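Chains as they are written, first to last, in the UniProt record's numbering: chain A, 1 to 354; chain B, 1 to 354.
No lab work stands behind these hints, which were simulated from the structure alone.
The structure displayed is predicted, hence computed values, not measured ones.
Some clues are possibly wrong.
Remember, identical chains collapse to one label, so a pair may be satisfied in a single copy or spanning two.
Result set (EDC-like, lysine to aspartate or glutamate): computed pairs, CA atoms no more than 20 Å apart in a straight line [stated by the list, open to error]:
1. K74 with E218
2. K204 with E43
3. K74 with D194
4. K96 with D127
Okay, here's what each chain looks like letter by letter:
2 protein chains.
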Amino acid sequence: MGNAVRIAVDAMGGDIGPSVTLAGAASALKTHQSSEFLLFGDEAVVTAELAKFPELAARARIIPASVSIGMDTKPSIALRQGRRVSSMWMAIEAVKKGEAEVAVSAGNTGALMAMATFCLRTMSQIDRPALACLWPTLRGHSVVLDVGAAIGGDAVHLVNLAIMGAAMARIMLNVECPRVGLLNIGVEEIKGVDQVKEASKILKELELPMLDYRGFIEGDRIGWGEVDVVVTEGFSGNIAIKTAEGTAKQFAALLREALGRSLVTKLGAWIARSAFTELKTKMDPRQVNGAVFLGLEGVVIKSHGGADAFGFARAVEIGCEMVEQDLLARIRQAATLVEGRGAPRAAQAQEAAK
Amino acid sequence: MGNAVRIAVDAMGGDIGPSVTLAGAASALKTHQSSEFLLFGDEAVVTAELAKFPELAARARIIPASVSIGMDTKPSIALRQGRRVSSMWMAIEAVKKGEAEVAVSAGNTGALMAMATFCLRTMSQIDRPALACLWPTLRGHSVVLDVGAAIGGDAVHLVNLAIMGAAMARIMLNVECPRVGLLNIGVEEIKGVDQVKEASKILKELELPMLDYRGFIEGDRIGWGEVDVVVTEGFSGNIAIKTAEGTAKQFAALLREALGRSLVTKLGAWIARSAFTELKTKMDPRQVNGAVFLGLEGVVIKSHGGADAFGFARAVEIGCEMVEQDLLARIRQAATLVEGRGAPRAAQAQEAAK
Numbered sequence: 001m002g003n004a005v006r007i008a009v010d011a012m013g014g015d016i017g018p019s020v021t022l023a024g025a026a027s028a029l030k031t032h033q034s035s036e037f038l039l040f041g042d043e044a045v046v047t048a049e050l051a052k053f054p055e056l057a058a059r060a061r062i063i064p065a066s067v068s069i070g071m072d073t074k075p076s077i078a079l080r081q082g083r084r085v086s087s088m089w090m091a092i093e094a095v096k097k098g099e100a101e102v103a104v105s106a107g108n109t110g111a112l113m114a115m116a117t118f119c120l121r122t123m124s125q126i127d128r129p130a131l132a133c134l135w136p137t138l139r140g141h142s143v144v145l146d147v148g149a150a151i152g153g154d155a156v157h158l159v160n161l162a163i164m165g166a167a168m169a170r171i172m173l174n175v176e177c178p179r180v181g182l183l184n185i186g187v188e189e190i191k192g193v194d195q196v197k198e199a200s201k202i203l204k205e206l207e208l209p210m211l212d213y214r215g216f217i218e219g220d221r222i223g224w225g226e227v228d229v230v231v232t233e234g235f236s237g238n239i240a241i242k243t244a245e246g247t248a249k250q251f252a253a254l255l256r257e258a259l260g261r262s263l264v265t266k267l268g269a270w271i272a273r274s275a276f277t278e279l280k281t282k283m284d285p286r287q288v289n290g291a292v293f294l295g296l297e298g299v300v301i302k303s304h305g306g307a308d309a310f311g312f313a314r315a316v317e318i319g320c321e322m323v324e325q326d327l328l329a330r331i332r333q334a335a336t337l338v339e340g341r342g343a344p345r346a347a348q349a350q351e352a353a354k
Numbered sequence: 001m002g003n004a005v006r007i008a009v010d011a012m013g014g015d016i017g018p019s020v021t022l023a024g025a026a027s028a029l030k031t032h033q034s035s036e037f038l039l040f041g042d043e044a045v046v047t048a049e050l051a052k053f054p055e056l057a058a059r060a061r062i063i064p065a066s067v068s069i070g071m072d073t074k075p076s077i078a079l080r081q082g083r084r085v086s087s088m089w090m091a092i093e094a095v096k097k098g099e100a101e102v103a104v105s106a107g108n109t110g111a112l113m114a115m116a117t118f119c120l121r122t123m124s125q126i127d128r129p130a131l132a133c134l135w136p137t138l139r140g141h142s143v144v145l146d147v148g149a150a151i152g153g154d155a156v157h158l159v160n161l162a163i164m165g166a167a168m169a170r171i172m173l174n175v176e177c178p179r180v181g182l183l184n185i186g187v188e189e190i191k192g193v194d195q196v197k198e199a200s201k202i203l204k205e206l207e208l209p210m211l212d213y214r215g216f217i218e219g220d221r222i223g224w225g226e227v228d229v230v231v232t233e234g235f236s237g238n239i240a241i242k243t244a245e246g247t248a249k250q251f252a253a254l255l256r257e258a259l260g261r262s263l264v265t266k267l268g269a270w271i272a273r274s275a276f277t278e279l280k281t282k283m284d285p286r287q288v289n290g291a292v293f294l295g296l297e298g299v300v301i302k303s304h305g306g307a308d309a310f311g312f313a314r315a316v317e318i319g320c321e322m323v324e325q326d327l328l329a330r331i332r333q334a335a336t337l338v339e340g341r342g343a344p345r346a347a348q349a350q351e352a353a354k
């Protein structure tokens, strides 16, 4: 294992494309020096861009792809037009073929999800993949999932999210037994939707050794870092993360506006500028760029479409860490344990709940 | 009508009780000088507290209630123990009897919702009540609903939320034809859950004169004030508002921490202090305290349990505005229009979606 991760990059993905993805890969290479890169995309464009990064060029191979998936292409059309021939598909397929261990794309989420699921398939115990991200908190970071891959889901789906999120948290947050909470609209046992209450029961019963189930958590406690993993289905998870992003930007805009109001406030802001730099760094969404598709037979990382080179590098680095610490084996191990220990009880509980 | 609103106050509700609710009522009286108050609660306690506010005492009557509903009491138990005899129930019942036009309580949300629904009943066209709040945005405020009254709901439920939210927005935001958006996880028509897509179709078809339907809105755009009314069912709405609250607090905590890091940053912060006062005022959750139960045959306002007198006064004031501008008539008018014009089409659309 070590550091020799082979990374398949969808060089054409994202709002900008190769100038960002290659600069990002070059930057990630600095922290993961023995990595190797497969760069999928328009040969002429990628070759020209790669010439700017000799160190990356020495560890990268360009693989021509004739199609680039647009940022607004519908998943079904992306699959029809881009299967086998697009940079996005080929990057994912490299993982399937074992030519790479992780695929990274800043391309459109729906298309990436459709292609990754179609090409790699889900793990046997997992019904649908999930998208997990790092969420900056007052204590550091938490893993939040699903932030938009699969809408809805029953209690067993939520339990699977919990074990997959815990596996990711163990790698990214370096905690042996991550604290897991189910996102709900109250912390009392009687509150919330049935599948969330049911998932809570199952998680309590299972007493899994790889996670520390802490019950329900409300939206206002995510940013406090009360748990390491926040579990919810894709609709509410997406709304939570987008709302948090929007609120952070709103706060920053109001702060900027207020500080620019007069010469005096501008002077104060200039004197205290190190504080604003610190705040900006801590709230910088690029730091946590790189959502992980969980539940697939392969590691696929989704970078924000608008990420710059710094952000894309973070996505590549997150991919490397997932591979180095063998995310898939950790999830398989946990899923097998759940299946052996809990599936019957879970099924009974589900039956009883009907 | 004018300003002579009769307000029923659950004096015992909230984390603190009468010292906050009476101080809040006294403060609200300053802006709504001809209001009259019915104060429900423990006679001795409320009498002692009222003595501190002679101006309020001149316009208030104490009505003894033998039971106070605890902040953690389950709704079913609250109904059993508190029906007819609790300060919360009696305040609501005063609205039903026509002795007051609005009830305001800082008591527990579940109990208040259960009692209000049981006592006042929902309007004939409305299946379940909703909880709507004001959300501070970069452009002012928006109305967001449902922030936690009813979990889930079909397309018609969401359409009802849209017309009720628009009625509230017209009053609170003073816009003739509020822009309405459906909260979703993407703005494309193909995205999201079926009932949201269906509600979108119905709203487009109805072409209601009292609202300007703008399609889907994502969580990160709420704070931008892109629309005046954001519509979603109670689970995701509660998660959105709590997550925004949490993120704002997180941002404020990080800002405080960063500014307190050194003497220099402290000095800068002191010089620019007017900017922080401005920011604090704009983000002050007390400014928007007072969520409105919509869809009931009466106006009931829910104050935050932890609100102080300033916050509770805001809740009372919001209640007064709802009454003065006849929220109920506006909702009834819109609901009747929908029923006449759209219900058949809506039903057809629902049928077709199956």
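Cross-check of the supplied hints:
no. : hint          : result
1   : K74 with E218 : between (33 Å within a copy, 18 Å between copies)
2   : K204 with E43 : neither (53 Å within a copy, 46 Å between copies)
3   : K74 with D194 : between (32 Å within a copy, 17 Å between copies)
4   : K96 with D127 : within (19 Å within a copy, 50 Å between copies)
In the structure shown, a violation is registered for the earlier hint numbered 2 alone.
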